[in-house]
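2 protein chains.
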Amino acid sequence: MTTLEPSKPWEDLSSLLESGSRSGVKSFVEDLHAGELVRAVSRLDEEHVRLLLTLLDPEDAAGIVDQLPDQQAAASVETLEPEEAALIVQEMPSAEQADLLREIEEDEAQAILLAMDPSSADEVRRLSRYASDVAGGLMGTEFLSYSREASVESVIKDLRANSHRYSEYVVQYAYIIDKQKRLTGVLRLRDLLLSPPTRRVKELMLPKPVRVSDEASLDELRDLFDAHSYFGVPVTDSSDRLVGVLKREAVEEALAERSDNDYLKSQGIVHGEELRSMPLFTRSRRRLMWLSLNIGLNFLAASVIALYEETLTQVIALAVFLPIISDMSGCSGNQAVAVSMRELSLGVLRPQDIWRVWSKEVLVGFLNGVALGLLIGTAAWLWKGNPYLGLVVGGALALNTMVAVSLGGTIPLILRSLKMDPALASGPILTTVTDMFGFLLTLSAASFFLAKLAS
Amino acid sequence: MTTLEPSKPWEDLSSLLESGSRSGVKSFVEDLHAGELVRAVSRLDEEHVRLLLTLLDPEDAAGIVDQLPDQQAAASVETLEPEEAALIVQEMPSAEQADLLREIEEDEAQAILLAMDPSSADEVRRLSRYASDVAGGLMGTEFLSYSREASVESVIKDLRANSHRYSEYVVQYAYIIDKQKRLTGVLRLRDLLLSPPTRRVKELMLPKPVRVSDEASLDELRDLFDAHSYFGVPVTDSSDRLVGVLKREAVEEALAERSDNDYLKSQGIVHGEELRSMPLFTRSRRRLMWLSLNIGLNFLAASVIALYEETLTQVIALAVFLPIISDMSGCSGNQAVAVSMRELSLGVLRPQDIWRVWSKEVLVGFLNGVALGLLIGTAAWLWKGNPYLGLVVGGALALNTMVAVSLGGTIPLILRSLKMDPALASGPILTTVTDMFGFLLTLSAASFFLAKLAS
Chain A
8 MTTLEPSKPW EDLSSLLESG SRSGVKSFVE DLHAGELVRA VSRLDEEHVR LLLTLLDPED
68 AAGIVDQLPD QQAAASVETL EPEEAALIVQ EMPSAEQADL LREIEEDEAQ AILLAMDPSS
128 ADEVRRLSRY ASDVAGGLMG TEFLSYSREA SVESVIKDLR ANSHRYSEYV VQYAYIIDKQ
188 KRLTGVLRLR DLLLSPPTRR VKELMLPKPV RVSDEASLDE LRDLFDAHSY FGVPVTDSSD
248 RLVGVLKREA VEEALAERSD NDYLKSQGIV HGEELRSMPL FTRSRRRLMW LSLNIGLNFL
308 AASVIALYEE TLTQVIALAV FLPIISDMSG CSGNQAVAVS MRELSLGVLR PQDIWRVWSK
368 EVLVGFLNGV ALGLLIGTAA WLWKGNPYLG LVVGGALALN TMVAVSLGGT IPLILRSLKM
428 DPALASGPIL TTVTDMFGFL LTLSAASFFL AKLAS
Chain B
8 MTTLEPSKPW EDLSSLLESG SRSGVKSFVE DLHAGELVRA VSRLDEEHVR LLLTLLDPED
68 AAGIVDQLPD QQAAASVETL EPEEAALIVQ EMPSAEQADL LREIEEDEAQ AILLAMDPSS
128 ADEVRRLSRY ASDVAGGLMG TEFLSYSREA SVESVIKDLR ANSHRYSEYV VQYAYIIDKQ
188 KRLTGVLRLR DLLLSPPTRR VKELMLPKPV RVSDEASLDE LRDLFDAHSY FGVPVTDSSD
248 RLVGVLKREA VEEALAERSD NDYLKSQGIV HGEELRSMPL FTRSRRRLMW LSLNIGLNFL
308 AASVIALYEE TLTQVIALAV FLPIISDMSG CSGNQAVAVS MRELSLGVLR PQDIWRVWSK
368 EVLVGFLNGV ALGLLIGTAA WLWKGNPYLG LVVGGALALN TMVAVSLGGT IPLILRSLKM
428 DPALASGPIL TTVTDMFGFL LTLSAASFFL AKLAS
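Residue numbers (the numbering used here), protein chains in the order written: chain A, 8 to 462; chain B, 8 to 462.
If you're looking for bench data, these hints aren't it; they were derived computationally from the structure. Because the structure is a prediction, the values reported are computed rather than measured. Be careful, since some hints might not be right.
Stated by the list, open to error - Residues from chain A shown here face chain B by an in silico Cβ test under 10 Å; the list is partial: (1) 46; (2) 282; (3) 323; (4) 368.
Stated by the list, open to error - 27 Å max Cα-Cα, derived DSS-like pairs, lysine-lysine: (5) B/33 x A/215; (6) B/209 x A/164; (7) B/15 x A/426.
Heads up, the beta-carbon is just placed ideally off N, CA and C, and yes, glycines get one too.
The following block holds chain A by itself, in its conformation from the complex:
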C-alpha cells in the first residue's frame, strides 16, 4: 500500500494523512529515517502537520516531535490546540519538554502547561527556569533514587514493578538520598546482583559521589566529561538536593549545537538556526539585520577610498587591486579567527593568552604576508611594467596581512573577555579594520610614489 517513493516521501505522507489511515501513517513514519522524516515534515503544510500529530497516538507523535530540530518542533506543536499539544508534550523526556516550550510562543506555552497534568507541568516549569546551557537546563529528571535505608530486596522489587517505565531511563546507577533529598551515594545496579536481599543499600553504595551544581556552565561540564569517562553525573541544587541526572550525550549535543551556532553566526545567521521551512519574511528580516550592519561598516571602510579620489584618477590600476587587498586580508584574518574560535571552544585558550596568540600569529602573518605580497606585487609589475606599482601593492598587502592575522587571532579573545560573542562580532570588526587599513596603506603609499606611478 505504501509505495515508498524515496525522493518525495511527503507526497505519499500527505495522501495517507488525507485518507485518515492511522495505521498507514504510523507504519509509513516508522519506516522513514530521521533525516527523511524531518525533510518530509518540513514539506507539509500546517494543516497536514496538525493531522499527522493528532492522528497518531500521543506517544508516537511525541517520538516525531522529538526528532525535529527545536524550531521546527515548536512550529509543529503550535499548529495544535493546547490540550492536544499537552498530551504529546507529556510523552517527551523531561529535558526535551523544557527545550520545546522555550521555543514556543509564551502564551501558547502557558496554555499547554495549564493543560498538562499539574505535577508534570511543575517539573517543566522548574526545568524551564534554568538557562539552556547550564547543567540544570541540560539534565533529565528520569532517574532512580532510593532512600539510604532501602534493602536490596525492596530495590529489586521496585525495579521489577516499574520495569516498563524504567526501561526508558537507560540507567545503570541508582542514586541514594537522605531524608532531606540530599545526595549521599550512588549504587551500581549490577552490585545488586551480587548481594544478599536483606543488605541495606547504604552499605552497598559508593559514598560521596561526584556531582555537579545545577548552575554549572557548559564549559565546566565539558571539562568534567573530558577528564572522566562518566556516562552521566547527578546534578544537585544549592542545598545539595538531587534534582536531576546529566548524561554525557546531552553535554556532547549541547557542545555540537554551540559550535554549529558559532558557524552560523560567523556567516551572519544570528538568531539560532534558520530552516527553509520558516516564513519568507522572517528569514529575510533576520538576515537583513546583519547585512545592514555590515553595509554600514562597508561604507566606513570605503570612505577611506573616497579621500584619495585624486590619486586613484591618476593611477586607475589601483582600483583593480583594492578589492583584492580587501578580500585577501579578510581571508587571512578569518583563518586566524577560526583557529582562535576553535581553541576557545576546546578550552585550550583563555582570554589572558592574548599576547601568546599575538606572538604566534604575527609570525604566520609575516611569512604569509611576504608570500602573498610577492605574488601580487609581481603580478602588478608585470601587468603595467611599473615596478613601483608592484612595490606599492605588494608592500601594502604584505603589511596588511600581518595586521589582519594579528587582529584575527586576538579579536575573539578580546570579545570573550568583554563578555561579547566572538562568533558574531569577530568577522565584521576584522574586515572593517583591515579594509580601512589596507585601503589607507595602498592609497597613501601610491600618493607618496605618485610621480613614479602616474603614466
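Starting from the known structure of chain A, arrange chain B on it as the hints suggest.
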C-alpha cells in the same frame, strides 16, 4: 607544595617535572581541569612532554593522552620511544588507539604496533583499516559477549570475576553470539536479576537485535540514533559477525567534530585542526595553500575591472563602490551557504532538493537585494548628487544579491552531489563568481550611462 597558580599552571608543572616527583606530578595533573591540562601541555617543550608521559604510570599517562585533541596527542606520543609509547597506547580505549595511530607518522606508528602485545596490536590494525567516519572506525571493542548456551549463573560468575575490567565498559547489555560469532541476541543485564540461575541466556535474550554494518556512514548513524533512544548498538561485519559496539556518544562526538571541521574549512583551515602549539612553518604553509588558491581567484575576478579602466577613469566614484559590492554580495551569499550547510548536516536537505532551495532563496535574495540596493543607491545619489550613480550602483547590488543568495544556497548541494566537500569549496567559488558578476554589472551599467555619470 603544589602552589596552584591558575594562570600559568605549566610553569609549576615544568618545575615539578624537573624535580622528578612522580606523586607531585600525578596529583597536580589530577587537579587540573581538562581544558587547563590541554593548555598546560601545549606550553611544555618536547622534553617536558616526554618527562610527563614517562614519569607517570602508563595508565595515568594514557588518561592524559586521551584528553588531548588528536593532533596534540599524536605529537606528545611521538616524543617517546616506541616501547614507551606502546605501554601507554595499550591502556587507551580501542577506538581511541586507532584514532591516535592514524594521526601518528606511518613509521613511528608501525614501530609502536610492533612493541605492543600482538593481540592488542592486531585489534588496532583491524580498527585502523576502517575510515574514521564509518561505524567500524567509531566503534569500540570493549563489550560483553556470551554464547547462546551460557547459563545465567555462568554469566554472573564471569561478571563477578572480571568486574574490575568490565567496570570500564559502561555497559548494560551483553551480546549473545552463535558458534560462528554471528550476533543472535541481546541480553539486558538487569534481566539477570530476575531470573533463576540455571536459565540459558538464549531464553532471556531479545532476539534479532538492531545492528549496524561496520561500513555504515556517519549520516546513516546519525539518522539511526536520532530515530531511536539507543545508548549503543552492536556493529557487525559483512558476515554478520559481531565486531564491536558503537556508542551514541561516539556518533555525537564525530558529528560535532565534522561540524567543527566544516567551520574551520569554510574559513580556510583545510587540514583538520590547527593548534598554535604546532610548528610555525607547518601552520604558515597549510594556511598559505588556501590563500594562494584564493588570490588566483581574486585575480580572475579583478580582471573584469581591468577591462573597464576607461569607464572607471571617467567615473572614479565607482572605485569606492566596487569593494562594497564585492563584500556585501559575499556576505549575502555566505548566509545562504551557512543555511544549506546546516540543513545538509541535519539531513533535512538532499542534493536533489536544489530547485526547492533555489526557489526559497531567490525570494530572500530579491527582498534583501532591493533593501540593500536602495540603501547603497541612496547613499551614492546623495554623495555625488547624481541619481544615475545611485541607479547604477543600487541596481547592480540588488541584482547581484539575488544572484549571490541563489548561488550560495545551491552551490553546497551541487558540490555534495559531485562528491566534493561543500565546506571547503563553497566560499571561494561563491565569492569569485559573485565578484565577477558584480563588477561586470556595475561597470557595464556605468558604461551604458557614461554620458550621465561622467561629470
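For each hint, the structure was consulted:
1. 46: Given a least distance of 5 Å, the restraint on residue 46 of chain A holds.
2. 282: OK, holds: residue 282 of chain A within 10 Å of chain B, min 7 Å.
3. 323: Interface hint status for residue 323 of chain A: holds (5 Å vs cutoff 10 Å).
4. 368: At 8 Å from the nearest chain B Cβ, residue 368 of chain A passes the 10 Å test, so the hint holds.
5. B/33 x A/215: Satisfied, since the Cα-Cα distance of roughly 22 Å is no more than 27 Å.
6. B/209 x A/164: Given that 27 Å is the threshold and the Cα spacing comes to 24 Å, the pair holds.
7. B/15 x A/426: Roughly 22 Å separates the two Cα atoms, so the pair holds.
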